[in-house]
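Spelled out, the chains give:
Protein chains: 2
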Amino acid sequence: MPKETRTVPDFAQGNGLLPAIAQDAESGQLLMLGYMNQEAWDQTLATGQAVYYSRSRKRLWHKGEESGNFQIVKAIYLDCDADTILLKVEQIGGAACHEGYPSCFFRKWNGSEFVLEGERVFDPSQVYDKP
Amino acid sequence: MPKETRTVPDFAQGNGLLPAIAQDAESGQLLMLGYMNQEAWDQTLATGQAVYYSRSRKRLWHKGEESGNFQIVKAIYLDCDADTILLKVEQIGGAACHEGYPSCFFRKWNGSEFVLEGERVFDPSQVYDKP
Chain G
1 MPKETRTVPD
11 FAQGNGLLPA
21 IAQDAESGQL
31 LMLGYMNQEA
41 WDQTLATGQA
51 VYYSRSRKRL
61 WHKGEESGNF
71 QIVKAIYLDC
81 DADTILLKVE
91 QIGGAACHEG
101 YPSCFFRKWN
111 GSEFVLEGER
121 VFDPSQVYDK
131 P
Chain F
1 MPKETRTVPD
11 FAQGNGLLPA
21 IAQDAESGQL
31 LMLGYMNQEA
41 WDQTLATGQA
51 VYYSRSRKRL
61 WHKGEESGNF
71 QIVKAIYLDC
81 DADTILLKVE
91 QIGGAACHEG
101 YPSCFFRKWN
111 GSEFVLEGER
121 VFDPSQVYDK
131 P
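Protein chains in written order, with full-length UniProt numbering: chain G, 1 to 131; chain F, 1 to 131.
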């Protein structure tokens, strides 16, 4: 029964990185998709907060470390193939997206193009340092 | 304003493949994560049903083509970085997972290991041909 014994994230399937979805534990709203490596996974379990691996910064990324918008992990799920992680979280600050929206999925297809949906919770220029 | 003009999935960011999340449009339950290339995306728009790219079979995968459990697309969202797609779907047959569960995320972390959560909707051996 090989499938039933794959009860840990199989990071090798993603060459070390697996997608990790964050969903609001209360509302069910999809918040974002990040990536985790083994260390991010271990840190998420150890801290009870979402820790991702930032592909652009090439380092661990404790979500909220800059904005204060941490994600408190309420539940963790693994999919059938053990290659996708789902976190149900309490999103501190009410916004997961660095652009200030509650969800990173703030663009909705209207049949011919993507249009903005939803309102900003914060102004990114007031939260993040400019280079 | 380069970010505001990225209003299509940027498949180049994923070397041609982007993660595509399917969420039940009614209940908000996370169903699965697949991958799309440009052709899968085009086919999804053209058919109104979820079409993924199967990394294992290395071909387009019209979800439900074998099981009959198609996904009727109710809404499509794109994330801030234009590198993740979210489909809100009606899951025909009530089960997204090839293992017979409503959701592929049927393993929940109990603090020390993943344990099964949820009941099978169908018996995979009755739905899929065996090789």
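In case anyone wonders, no lab produced these hints; they're calculated from the structure. The structure presented is a predicted model; accordingly, all values stated were derived computationally and were not measured. Some clues are possibly wrong.
A pair holds if it fits inside one copy or across any two, identical chains being indistinguishable in the list.
In silico EDC-like cross-links for lysine to aspartate or glutamate, where the CA-CA straight-line distance does not exceed 20 Å [claimed, not checked]:
#1 Lys58 with Glu119
#2 Lys58 with Glu39
#3 Lys108 with Glu90
#4 Lys58 with Asp81
#5 Lys108 with Glu65
#6 Lys58 with Asp42
#7 Lys58 with Asp123
#8 Lys108 with Asp24
#9 Lys108 with Asp83
#10 Lys58 with Glu117
#11 Lys74 with Asp123
#12 Lys108 with Asp10
#13 Lys58 with Glu90
#14 Lys74 with Glu113
#15 Lys58 with Glu26
#16 Lys58 with Glu113
#17 Lys108 with Glu119
#18 Lys74 with Asp42
#19 Lys108 with Asp81
#20 Lys108 with Glu66
#21 Lys58 with Asp24
#22 Lys74 with Glu117
#23 Lys108 with Asp42
#24 Lys74 with Glu90
#25 Lys74 with Glu26
Each hint tested on the structure:
| no. | hint | in the structure |
| --- | --- | --- |
| 1 | Lys58 with Glu119 | neither (30 Å within a copy, 39 Å between copies) |
| 2 | Lys58 with Glu39 | within (13 Å within a copy, 30 Å between copies) |
| 3 | Lys108 with Glu90 | between (24 Å within a copy, 17 Å between copies) |
| 4 | Lys58 with Asp81 | between (26 Å within a copy, 17 Å between copies) |
| 5 | Lys108 with Glu65 | neither (28 Å within a copy, 27 Å between copies) |
| 6 | Lys58 with Asp42 | within (17 Å within a copy, 32 Å between copies) |
| 7 | Lys58 with Asp123 | neither (26 Å within a copy, 42 Å between copies) |
| 8 | Lys108 with Asp24 | both (19 Å within a copy, 16 Å between copies) |
| 9 | Lys108 with Asp83 | between (27 Å within a copy, 14 Å between copies) |
| 10 | Lys58 with Glu117 | neither (30 Å within a copy, 34 Å between copies) |
| 11 | Lys74 with Asp123 | neither (27 Å within a copy, 30 Å between copies) |
| 12 | Lys108 with Asp10 | between (32 Å within a copy, 15 Å between copies) |
| 13 | Lys58 with Glu90 | neither (26 Å within a copy, 37 Å between copies) |
| 14 | Lys74 with Glu113 | between (35 Å within a copy, 15 Å between copies) |
| 15 | Lys58 with Glu26 | neither (31 Å within a copy, 37 Å between copies) |
| 16 | Lys58 with Glu113 | neither (32 Å within a copy, 28 Å between copies) |
| 17 | Lys108 with Glu119 | within (13 Å within a copy, 32 Å between copies) |
| 18 | Lys74 with Asp42 | within (16 Å within a copy, 36 Å between copies) |
| 19 | Lys108 with Asp81 | between (29 Å within a copy, 14 Å between copies) |
| 20 | Lys108 with Glu66 | neither (27 Å within a copy, 30 Å between copies) |
| 21 | Lys58 with Asp24 | neither (26 Å within a copy, 33 Å between copies) |
| 22 | Lys74 with Glu117 | between (27 Å within a copy, 15 Å between copies) |
| 23 | Lys108 with Asp42 | between (34 Å within a copy, 16 Å between copies) |
| 24 | Lys74 with Glu90 | within (7 Å within a copy, 26 Å between copies) |
| 25 | Lys74 with Glu26 | within (10 Å within a copy, 22 Å between copies) |
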